[in-house]
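Asks: Below, each chain spelled out in residue letters.
There are 2 protein chains.
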Amino acid sequence: MKSELYKQLTILSPYYKENYLPSVSIDCVVFGFHNACLKVLLIKLKESETWGLPGGYLKKKEDLNVGANRILQERTGATNIYLNQFKTFGDKNRSEAHFKDFPDDLWHKQRYISIAHYALIDFETVTPVMDQFSDACEWKDIDMLPELMMDHQHIFDEALIQLRRDLNYKPVGLNLLPEKFTMPELQKLYEIILNKKLNRGNFYRKMTRYNILDKLNETRKGGAHKAPDLYKFDIENYNAALKTGLQESW
Amino acid sequence: MKSELYKQLTILSPYYKENYLPSVSIDCVVFGFHNACLKVLLIKLKESETWGLPGGYLKKKEDLNVGANRILQERTGATNIYLNQFKTFGDKNRSEAHFKDFPDDLWHKQRYISIAHYALIDFETVTPVMDQFSDACEWKDIDMLPELMMDHQHIFDEALIQLRRDLNYKPVGLNLLPEKFTMPELQKLYEIILNKKLNRGNFYRKMTRYNILDKLNETRKGGAHKAPDLYKFDIENYNAALKTGLQESW
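Heads up: the protein sequence lines correspond to chains E and B, in order.
FYI, full-length UniProt numbering numbers position 201 of the first sequence as 201, with every residue one higher than the one before it.
FYI, full-length UniProt numbering numbers position 3 of the second sequence as 3, with every residue one higher than the one before it.
One should not assume that every hint holds.
Repeated chains share a single entry, so a pair holds when one copy, or any two copies, can fit it.
As the list claims (entries may be wrong) - Quick list of in silico lysine-lysine cross-link-like pairs, DSBU-like style, CA-CA up to 30 Å:
1. Lys92 to Lys243
2. Lys17 to Lys206
3. Lys109 to Lys221
4. Lys100 to Lys7
5. Lys196 to Lys7
6. Lys170 to Lys92
7. Lys226 to Lys100
Please keep in mind that the hints were generated in silico from the structure rather than gathered at the bench.
Owing to the predicted nature of the structure, the values given are computational and were not obtained by experimental measurement.
Construct all of the structure, not just a fragment, from the sequences and the given hints.
Replies: Below you can see the structure in the form of C-alpha cells.
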C-alpha cells in the first residue's frame, strides 16, 4: 500500500522514534453540549472510511497531562479544555488490525496502550481544525456515531459511563449554561447527560443541598407559566466542589 | 554502585527488553481490611531503606488486566484479587532520581508511565511472598506509612481518594465481613474506609434503598443491648450493583 498516507508515516517514523515515548498513546473523548444536544468530536483519517477519537503520542520529556492537552489542541484546535483522565486501555490486540498492511518497523504499527481522557464543553466555543493525517474533524451526535476504528467505540462507551458516574460527585454546568439559568434548564442538562427523566422535586432538593447555586432576585419572564426563578453558580463553592467532591450523603 | 541488586538488574536487562513493553509499568495499591483495621501491602526493595507499592512490567503479548494480576501474584503471592484500575501516572520526572546511580541502558532506568490499580481484600486471607528483588513484603497501617519511593505516596493517596469515591456507586463488604453481620458492623466498615463517623439513621435508610441486603430472621445474641438484627448480602443484586452501579438518587 504505497499511498500518500503511507509515505508520510514512513518519512515521519524516525522522527517519532527519536522524540516520543514508545508504547504509549493518548486518546481524547470530547463531549460537546449545546442547546439540549450532546455530541462528540471525531476525526477521520485520510484514506480511511472509519472515524476515530482525536489522539496522539507522548513526548519523551513531557508530562502526561501536558501531552494530553497538546494533542487535543493539535488535532482539533481546541485550547483551555480541562481533560479528565479516566482509564487506560491495554488489550494486546487493540490496534493490531489497523496498520496490518504497513511494514512492521513503522512507528504507528507498534503496540500502544492508550491513556484515555474525556472533557465536556460547549461545542459552540470550539472550531475544530484538521491536522496533516486527517481529512475531517466534526461534532457527531452521540446517538448516531459512525463506525469507529480499533477499540474507539469501547473507549467512547467507557467515557460516557464515567461522565455519568462523575455527576455523583462533581458539579457540572459552568460554561455550558448561560450565566443565569433556571432550575429546569439545569435539570435538562443532567437529563441529557444521563439520558433519563429526573424527578423535579428530588433534583431541586439535591441541587440545593450541594450549596453551589445562588438564587437571584430575578425570574425568567415571557413564558406561559409562572415565571421561574433564575440562578447562577457560586463560583467559589463550585470550584471547591470540583476539587473535593460534592457534599455526598455518606 | 556494584551491588548485588545492580548485578541482578544488569543481567536481567536484555531479557526484559526482549519480552516486556517499554515505557509501561503497573503498580498495585492493595488495601487490606480486618477487624476494624485498614492496612496497605508494601514491599521493600533489597539494599534500599524505602518501601514501595508492589509493581512490575507488562509483557509484550499480554493484556493489561492479565499483567496487573500476574504482577500482584508474583510480588505478593496474592491470587484471585479483583483489581480496579484507577489512574495512570505520567509525570516526566517521576522515577528519575530512583536509579540515578545506575547506567542509562538499564531496563529499570527508562522513563515509565505507571498504570495504577487498587484492590480491597480481607488481609487475613493473603500470605505475602517476596520476590527476588525484595527483602520484605508487609501489611502497613495506612495512618503510619513509612517513607515511600518515587511518587508512590502520591499514588497511594489517589487510590484512597478513589476507594472512598467508589463507595458512592459500588457496594462493599462481601468477603470483608462475616457471612452474617449487623447493620452497625457494616456501618463500621464504611466509617473506617471513609475515616469519619456516619449518621446511623441515614446509613440505614441508604443501605436499605440499595436493595443489596437480606434481613434474616435472626439476631446477634449476647450483647448488653437489644440484640441487633442480622443481615447477609443478596449476592445476585450485589454483583449486579458491582457491574451497573448502585441505585443512585439521580
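Asks: Taking the hints in turn, state whether each one holds.
Replies: Okay, the hints, checked on the actual structure:
When the C-alpha separation of Lys92 and Lys243 is checked against a cutoff of 30 Å, the pair qualifies only between copies, where the shortest distance is 23 Å, while the shortest distance within a copy is 34 Å. Proximity of Lys17 and Lys206 under a CA criterion of 30 Å is satisfied in neither setting, with 51 Å inside one chain copy and 54 Å between copies. Taking the shortest alpha-carbon separations for Lys109 and Lys221, neither the intra-copy value of 59 Å nor the inter-copy value of 65 Å comes in at or below 30 Å. Taking the closest pair of Cα atoms, Lys100 and Lys7 come within 30 Å of each other only inside a single copy of the chain (15 Å); across copies the shortest separation is 40 Å, beyond that limit.
In this assembly of identical chains, Lys196 and Lys7 lie within 30 Å of each other by CA distance neither inside one copy nor across copies; the values are 48 Å within and 61 Å between. When the C-alpha separation of Lys170 and Lys92 is checked against a cutoff of 30 Å, the pair qualifies only between copies, where the shortest distance is 28 Å, while the shortest distance within a copy is 33 Å. In this assembly of identical chains, Lys226 and Lys100 lie within 30 Å of each other by CA distance neither inside one copy nor across copies; the values are 63 Å within and 70 Å between.
Checked against the numbered hints given earlier, the structure breaks hints 2, 3, 5, 7 and satisfies all the rest.
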